[in-house]
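4 protein chains.
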Amino acid sequence: MDQIKKFFTEQDQFAQHSGIELLKVDAGKAWAKLEIQPWHLNGAGTVHGGATFTLADFAFAVAANSHGTLAMGINTSTSFVNPATSGTLFAAAEEISLNNKLGSYQVRITDQDGRLIAQFQGTAYRKSNAILA
Amino acid sequence: MDQIKKFFTEQDQFAQHSGIELLKVDAGKAWAKLEIQPWHLNGAGTVHGGATFTLADFAFAVAANSHGTLAMGINTSTSFVNPATSGTLFAAAEEISLNNKLGSYQVRITDQDGRLIAQFQGTAYRKSNAILA
Amino acid sequence: MDQIKKFFTEQDQFAQHSGIELLKVDAGKAWAKLEIQPWHLNGAGTVHGGATFTLADFAFAVAANSHGTLAMGINTSTSFVNPATSGTLFAAAEEISLNNKLGSYQVRITDQDGRLIAQFQGTAYRKSNAILA
Amino acid sequence: MDQIKKFFTEQDQFAQHSGIELLKVDAGKAWAKLEIQPWHLNGAGTVHGGATFTLADFAFAVAANSHGTLAMGINTSTSFVNPATSGTLFAAAEEISLNNKLGSYQVRITDQDGRLIAQFQGTAYRKSNAILA
Numbered sequence: 000m001d002q003i004k005k006f007f008t009e010q011d012q013f014a015q016h017s018g019i020e021l022l023k024v025d026a027g028k029a030w031a032k033l034e035i036q037p038w039h040l041n042g043a044g045t046v047h048g049g050a051t052f053t054l055a056d057f058a059f060a061v062a063a064n065s066h067g068t069l070a071m072g073i074n075t076s077t078s079f080v081n082p083a084t085s086g087t088l089f090a091a092a093e094e095i096s097l098n099n100k101l102g103s104y105q106v107r108i109t110d111q112d113g114r115l116i117a118q119f120q121g122t123a124y125r126k127s128n129a130i131l132a
Numbered sequence: 000m001d002q003i004k005k006f007f008t009e010q011d012q013f014a015q016h017s018g019i020e021l022l023k024v025d026a027g028k029a030w031a032k033l034e035i036q037p038w039h040l041n042g043a044g045t046v047h048g049g050a051t052f053t054l055a056d057f058a059f060a061v062a063a064n065s066h067g068t069l070a071m072g073i074n075t076s077t078s079f080v081n082p083a084t085s086g087t088l089f090a091a092a093e094e095i096s097l098n099n100k101l102g103s104y105q106v107r108i109t110d111q112d113g114r115l116i117a118q119f120q121g122t123a124y125r126k127s128n129a130i131l132a
Numbered sequence: 000m001d002q003i004k005k006f007f008t009e010q011d012q013f014a015q016h017s018g019i020e021l022l023k024v025d026a027g028k029a030w031a032k033l034e035i036q037p038w039h040l041n042g043a044g045t046v047h048g049g050a051t052f053t054l055a056d057f058a059f060a061v062a063a064n065s066h067g068t069l070a071m072g073i074n075t076s077t078s079f080v081n082p083a084t085s086g087t088l089f090a091a092a093e094e095i096s097l098n099n100k101l102g103s104y105q106v107r108i109t110d111q112d113g114r115l116i117a118q119f120q121g122t123a124y125r126k127s128n129a130i131l132a
Numbered sequence: 000m001d002q003i004k005k006f007f008t009e010q011d012q013f014a015q016h017s018g019i020e021l022l023k024v025d026a027g028k029a030w031a032k033l034e035i036q037p038w039h040l041n042g043a044g045t046v047h048g049g050a051t052f053t054l055a056d057f058a059f060a061v062a063a064n065s066h067g068t069l070a071m072g073i074n075t076s077t078s079f080v081n082p083a084t085s086g087t088l089f090a091a092a093e094e095i096s097l098n099n100k101l102g103s104y105q106v107r108i109t110d111q112d113g114r115l116i117a118q119f120q121g122t123a124y125r126k127s128n129a130i131l132a
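Protein chains in written order, with numbering that gives the first Met the number 0: chain A, 0 to 132; chain B, 0 to 132; chain C, 0 to 132; chain D, 0 to 132.
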């Protein structure tokens, strides 16, 4: 898990560019956070759906790749249930199903008070390649 | 439409931060692009789902707000069908349904060769507020 | 809750036609079941996605209408993670978010052994009409 | 295509039970219809989301299996944009992407006047088995 965490922390450039920090990785699980900055906002002054999604998608990717073989996201569905404007967003990803070829994950995005901001569901296709050389 | 375009170009900070450019707005439609940079990539060396999604979500938001009243994205679903690694991504958003309270939009993300990269479906909830003061 | 249960049990004709039984209703929650019959199967000999979906959608509708005002499903997303061929399917719907106009629900479909068959996410738009006259 | 059409018409029991008729199959495409009966309705007197979904899911399955190898639906997302109460619903499924392992499809559900009732997006996982013995 340390190697997976190191890999994603160092190699996921868009997550870095978006200010996302990987907190923890377990088998089929991942936790990440994003401290909201003014540049995360949209024209309505709330956190951009793209920033919230990127946080969820990153936690999903880490959880899906935590088994050591390459997994690619093929489908995601996101419900945005509450707007956020400041503070910190947290992502908690967990595996709900896994077989040789496919994995399904759910990610909850909450704010610093535990309020649900968005709920994300993602499906990954698993290749046979190892993620780490 | 000029005012809507100006508003989103100037006020959507996360779209700016992600290198997205708004190309055109029509009633219920929007077009945008993203020139792929190394910092748009994920650990697998392909464009991050979060970057592709942000491009789609931005085009969706502009199309949904093109009628002049505030619309908030409540649900999105995205199929990632081909990876992209370099070049330019284009988003084309179109309205598939509209009533007083809800609008549904579809966004196609293609690369510079017209190859489909992702297909996005979004639902927006329409408030009564004007988007521009 | 008794009236809501009675209403859905008696008035939802397609749920009846599909062999679905409403087990219990609470505020924002619902449980239902479907005993798999040969006519629930598709050409591959597994339970049809439409039958699994109808079970989930019914539980979603009951949970969304459990507050007494009319709620209409506007978006659903379903991951089908394991096939089912015989036995009983159970749906458990729970509310993950609620405001005046919108409610979000998650439904887990499991078989008689507790194995996850499908996971469903639904958004409902809430009208001001009472569901019961 | 004649064999695929015959197979789905005869073997998909839940589609039959739901009153769905397969109209036409092409490579990556399918068309089906459902004549609305009182038993397709929900408690609100409109066509049940499960009936509309079953029609869309059936057209998706036929289109995904039209290449002759077994394809299983793994993810679907549906926007319900207009209610229907009587008349005929039509489904038109088309492939938006295809590779060895995955196919993506879009299905439009319209009524007899061409009004959009629902839009469906589905992803199928392709096995190596032939669908017809």
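Everything labelled a hint here was simulated from the structure, so no lab data went into it.
Just to be clear, a hint being listed does not mean it is correct.
Said to hold, decoys possible - In silico PhoX-like cross-links for lysine-lysine, where the CA-CA straight-line distance does not exceed 25 Å: (1) C:Lys100 x B:Lys100; (2) C:Lys23 x B:Lys100; (3) B:Lys126 x C:Lys23; (4) D:Lys126 x A:Lys126.
Everything numeric in this text was worked out from a predicted model, so none of it was measured.
Hints versus structure:
Pair hint Lys100 (chain C) plus Lys100 (chain B) holds up; C-alpha atoms about 10 Å apart against a cutoff of 25 Å. For the proposed pair Lys23 (chain C) and Lys100 (chain B), the alpha carbon gap of about 32 Å is over 25 Å, so the pair is violated. With a CA separation close to 35 Å, the supplied pair Lys126 (chain B) and Lys23 (chain C) exceeds the 25 Å bound. Distance restraint check for Lys126 (chain D) and Lys126 (chain A): the Cα-Cα separation of roughly 15 Å lies within the 25 Å cut-off, and the hinted pair is therefore satisfied.
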